[in-house]
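Novice: Hey, can you work out the whole structure from these sequences and the hints?
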Amino acid sequence: MTHDADVLIIGGGVTGCGIQRDLALRGIRSILIDKGDLNAGASGGNHGLLHSGGRYAASDTETAAECRIEGDILKRVAPRAIDDCGGLFVAVEGDDAGFAERFGERCAAAGIDCTPLSVDDARRMEPAISERAFAAYAVPDASVDPFRLTIEQVADARRLADSVFLPHTEVVGFDIDGGRIVAARCRDTKSGEVRIIRARQFVNAAGAWSMTVARLAGCDDVHVVYSKGTLVIANTRLTRRVVNRLRPSGDGDILVPGGTVSLLGTTSDTIADLDVVRPTPEEVDRNIDEGAALIPALAHTRFIRAFAGVRPLLLPSGGIGADGRKASRGFTLFDHLDQGLENFATIAGGKLTTFRLMAERTGDLVATRLGNREPCRTAVEPLPALERSSWTEPGHSARVWIAAKNPADNILCECEMVPKSTVDAVSEDAPGAEPQMPLRAIGVRSRIGKGTCQGSFCSLRVTSHLYDRGTYGGREGLALMRDFLAERYKGTRPVLWGAQMPQAELAETLHCGLSGLDLIDDHGEDGAP
Amino acid sequence: MTNPEPRRITADVAIVGTGIAGFAAAVFCLDRGLRAVQLGHAGALAYTTGYFDLLGYDRGRPIEDPWAGLAELGRTWPDHPLARLPRETVERALHRFTEAITDLGIAYVPPGPTNVRALLPTGLAKTTLSIPATMAGGGAALAAKKKTVILDLVGMVGFSAKEFVANFTADWPGLTSARIGFPDLDSGAEAYPEVMARALEVRATRERLAERIRAVVGGAECVGLPAILGVHAPDRVHAAMEELVGLPIFEIPTMPPAVPGLRLRELLEQGMPARGTTLVSQHKAARAELRPDRIDLHYRDNFGEVVVEAATAILATGRFLSGGLAAERTGVRETLFDLPVEQPATRGEWHRDDWFDPRGHAINRAGLLVDDAFRPLGSDGSPVHPRLFAAGAILAGQDWVRQRCGAGLAIATARAAVEGAARASGR
Numbered sequence: 001m002t003h004d005a006d007v008l009i010i011g012g013g014v015t016g017c018g019i020q021r022d023l024a025l026r027g028i029r030s031i032l033i034d035k036g037d038l039n040a041g042a043s044g045g046n047h048g049l050l051h052s053g054g055r056y057a058a059s060d061t062e063t064a065a066e067c068r069i070e071g072d073i074l075k076r077v078a079p080r081a082i083d084d085c086g087g088l089f090v091a092v093e094g095d096d097a098g099f100a101e102r103f104g105e106r107c108a109a110a111g112i113d114c115t116p117l118s119v120d121d122a123r124r125m126e127p128a129i130s131e132r133a134f135a136a137y138a139v140p141d142a143s144v145d146p147f148r149l150t151i152e153q154v155a156d157a158r159r160l161a162d163s164v165f166l167p168h169t170e171v172v173g174f175d176i177d178g179g180r181i182v183a184a185r186c187r188d189t190k191s192g193e194v195r196i197i198r199a200r201q202f203v204n205a206a207g208a209w210s211m212t213v214a215r216l217a218g219c220d221d222v223h224v225v226y227s228k229g230t231l232v233i234a235n236t237r238l239t240r241r242v243v244n245r246l247r248p249s250g251d252g253d254i255l256v257p258g259g260t261v262s263l264l265g266t267t268s269d270t271i272a273d274l275d276v277v278r279p280t281p282e283e284v285d286r287n288i289d290e291g292a293a294l295i296p297a298l299a300h301t302r303f304i305r306a307f308a309g310v311r312p313l314l315l316p317s318g319g320i321g322a323d324g325r326k327a328s329r330g331f332t333l334f335d336h337l338d339q340g341l342e343n344f345a346t347i348a349g350g351k352l353t354t355f356r357l358m359a360e361r362t363g364d365l366v367a368t369r370l371g372n373r374e375p376c377r378t379a380v381e382p383l384p385a386l387e388r389s390s391w392t393e394p395g396h397s398a399r400v401w402i403a404a405k406n407p408a409d410n411i412l413c414e415c416e417m418v419p420k421s422t423v424d425a426v427s428e429d430a431p432g433a434e435p436q437m438p439l440r441a442i443g444v445r446s447r448i449g450k451g452t453c454q455g456s457f458c459s460l461r462v463t464s465h466l467y468d469r470g471t472y473g474g475r476e477g478l479a480l481m482r483d484f485l486a487e488r489y490k491g492t493r494p495v496l497w498g499a500q501m502p503q504a505e506l507a508e509t510l511h512c513g514l515s516g517l518d519l520i521d522d523h524g525e526d527g528a529p
Numbered sequence: 530m531t532n533p534e535p536r537r538i539t540a541d542v543a544i545v546g547t548g549i550a551g552f553a554a555a556v557f558c559l560d561r562g563l564r565a566v567q568l569g570h571a572g573a574l575a576y577t578t579g580y581f582d583l584l585g586y587d588r589g590r591p592i593e594d595p596w597a598g599l600a601e602l603g604r605t606w607p608d609h610p611l612a613r614l615p616r617e618t619v620e621r622a623l624h625r626f627t628e629a630i631t632d633l634g635i636a637y638v639p640p641g642p643t644n645v646r647a648l649l650p651t652g653l654a655k656t657t658l659s660i661p662a663t664m665a666g667g668g669a670a671l672a673a674k675k676k677t678v679i680l681d682l683v684g685m686v687g688f689s690a691k692e693f694v695a696n697f698t699a700d701w702p703g704l705t706s707a708r709i710g711f712p713d714l715d716s717g718a719e720a721y722p723e724v725m726a727r728a729l730e731v732r733a734t735r736e737r738l739a740e741r742i743r744a745v746v747g748g749a750e751c752v753g754l755p756a757i758l759g760v761h762a763p764d765r766v767h768a769a770m771e772e773l774v775g776l777p778i779f780e781i782p783t784m785p786p787a788v789p790g791l792r793l794r795e796l797l798e799q800g801m802p803a804r805g806t807t808l809v810s811q812h813k814a815a816r817a818e819l820r821p822d823r824i825d826l827h828y829r830d831n832f833g834e835v836v837v838e839a840a841t842a843i844l845a846t847g848r849f850l851s852g853g854l855a856a857e858r859t860g861v862r863e864t865l866f867d868l869p870v871e872q873p874a875t876r877g878e879w880h881r882d883d884w885f886d887p888r889g890h891a892i893n894r895a896g897l898l899v900d901d902a903f904r905p906l907g908s909d910g911s912p913v914h915p916r917l918f919a920a921g922a923i924l925a926g927q928d929w930v931r932q933r934c935g936a937g938l939a940i941a942t943a944r945a946a947v948e949g950a951a952r953a954s955g956r
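Chains G and H are the protein sequences, given in the same order.
Residues in the first sequence are numbered from 1 upward in steps of one, following the working numbering.
Residues in the second sequence are numbered from 530 upward in steps of one, following the working numbering.
It should be emphasised that the hints constitute simulated quantities derived from the structure, not laboratory data.
Note that the structure is a prediction, hence the values are computed from the model and not measured.
Be a bit skeptical, because a hint or two may be false.
[As the list claims (entries may be wrong)] Label pairs and their computed distance ranges (CB to CB):
{"id": "1", "chain 1": "G", "residue 1": "A398", "chain 2": "H", "residue 2": "E857", "range": "31 to 41 Å"}
{"id": "2", "chain 1": "H", "residue 1": "H570", "chain 2": "G", "residue 2": "R399", "range": "50 to 60 Å"}
{"id": "3", "chain 1": "G", "residue 1": "A398", "chain 2": "H", "residue 2": "H570", "range": "29 to 39 Å"}
{"id": "4", "chain 1": "G", "residue 1": "A398", "chain 2": "H", "residue 2": "D713", "range": "19 to 29 Å"}
Even for Gly, the Cβ is constructed at its ideal location relative to N, Cα and C.
Specialist: Written as structure tokens, this is what we have:
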């Protein structure tokens, strides 16, 4: 199969999606591809913090200021994806008093609106904070739903310029002729089919994989270090605001509210291999033990899942640093001219909060190269509320369902109140929808699997519904359910204790005992009982 | 009003747990003339498919002959609780229990020399040992590749005849699907299996449903339905429906809350007290005391505290789902007696990386170590108490979900525990 577009963007994270919308606003049609799915990398594996910049105020004034400016823009243009809840920085017994004392002036230097608080005031604002706190500041941190942000951008790019997102499409090589990439040779990782994508400009926004993609084009100027970060999700919202530990970055030093839950993070461990990135019980314990010093309730909270992402941290050319926390959070746009290519660009590094600026810089370069004079409009043009990009919002499906008053529209996911009609809409019209829609892809675009049962029950109900509506016609439906459950399990495994353990036991009786999913293919026979 | 002085009940055997193992122990106690008091809150029994497995799989491979499988287990996995019992004990226990359940009102096909195939709602088959009569026709229809129509019901979420057919297509060419509406529950609003099952205990509903079934069977020789054929008298409902439709009918288990588990729970809860078991359902033992010559179990009901003074006790409280074991961040503990739990050294070793790894997870083999009389062992390796026994899924060294050995494990170890209790109580 061959595709043509003005621009091919590689990487369906928040940056790639941001570039697609940035270009669409300039009238440029693009194809966006990802070897997995939307937000499959770091964009889906972070705490959803819209940084005020406070976290970087002490170490990197430039990044801190960038975060402040970009945070303000996003609050204006993407309000539905953002909970402008505010944030606190709090030091507890044992933390460096000098660091705490200098925090206010560091924030001021980066232009961050930072207010010193008495400990009593801080604990009145957030009663979950430890009574051992000794210093506190308020900053304009916010939380953001990266899935909503991503899906809205792709949906809007389709509306504006008929741009396309192709999931499970991996670049395996580039056809280069006279200093120009002519086409990307891709492989459909689901079907194995080859896809040739021809374009005039090629953009590498592959995040942790950007060094690999650059090398496929013969460019060896991108150097990324992989820093694995593990987070854990509490099943209730423990604080109204973001609460940061007021000390240099470390494990378990931030709690970010996300709707009705709280996300505790984050570990930082440099890894060599991108293929196996899963959260471990040990990393979860580190977060909880450290986090409980700031928010004591974390020691006995119920956690519903953990997840891990890889921060792609840029290294100065050639340099290899061991400590991911000290590497720059800044970003770089590579034009690759010195690598002998005139229509290839790589955008790497950076962070969720600054993705729009990264997309703007990339869009400027690509537009100029295409002879397009339209300015960037992402800082002023709000993301429209499109139905097809709203299903990840908690409660949205339920509201639509209640308003429609159709009792025949049965609820499939009881934890998150998702009915058949939502599954139908997502399968037909969400960005990246395809005829044989995988359950995992439906999960990314809706609330399916995100409740306390983590998909244990609704996977069976949704799969049956998908067979009913003809989405599946053979064994593939069971294989895709199994794939979805295996993926969910990566996140639940490290938090299986307390109330989660009976859930897991019940899930195993459902998935194996009742459904026989452990019997559908052979894993090999290397194990002893 | 509460009574300050606890009431006291005496028993030869206190059975803690109301799953298959607990009820099997109650059956064996009745057989032996032991006075049993059974305590528990019958939760997880509702999740069963109704199939009684003995030993169905070995690391993902089906086992045709479970008796040969058990002998093999004795060589490769000698600590498995089922591998520690003589074949006669296991065989006799299974025959007696299926007979008792049949007598209570759910006919089971008696265990035979080999495993049989049983249908799953996903359109797969598994091996099992003993099947309720209402479901037995399914495996037979598959084996004979009979022209069969699978029916699903408007509004019944989680069971799709199309899914069942799509997954069986290769093995069962004569399979088709159709959807019908259940009488008076066909608006499309969610229709619950339990409601339909109870409705089918009324003749008029059966007649109306049969008429709708007849309208869609076409040339099929056989009809498959999700399990909805009655709660209290499934065999009578099944026979009546076959007569009305004029074709053999079989049931397929469904996801919880499902009818097969409900049937077992209700029939056991109603039938066992009528036969002499003192059943304290809906109450868990809150604490227990090991005394030199007896075991005391304390629970509270609406009138205050009750103490069961038992000559012996059988712990059949199940695993995490039933509350027999509790998992904490730092380890697993037994919840009633705080017995030592055999378990992996760290939480990191509880589970494998792949949820569906056919070798199973180490945590599923955690549990109580017992001696040959099924008495839980203390940390010194000797029995914690001469009169305390354990049975069922709480035992260490088995993986009942993956091995498909849950019912066999529960029933056979319950029998062994009752034998031990009988000896210990001098009866």
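Novice: Give me the numbers of the hints this structure contradicts, sorted from smallest to largest.
Specialist: Per hint list: single violation, 2.
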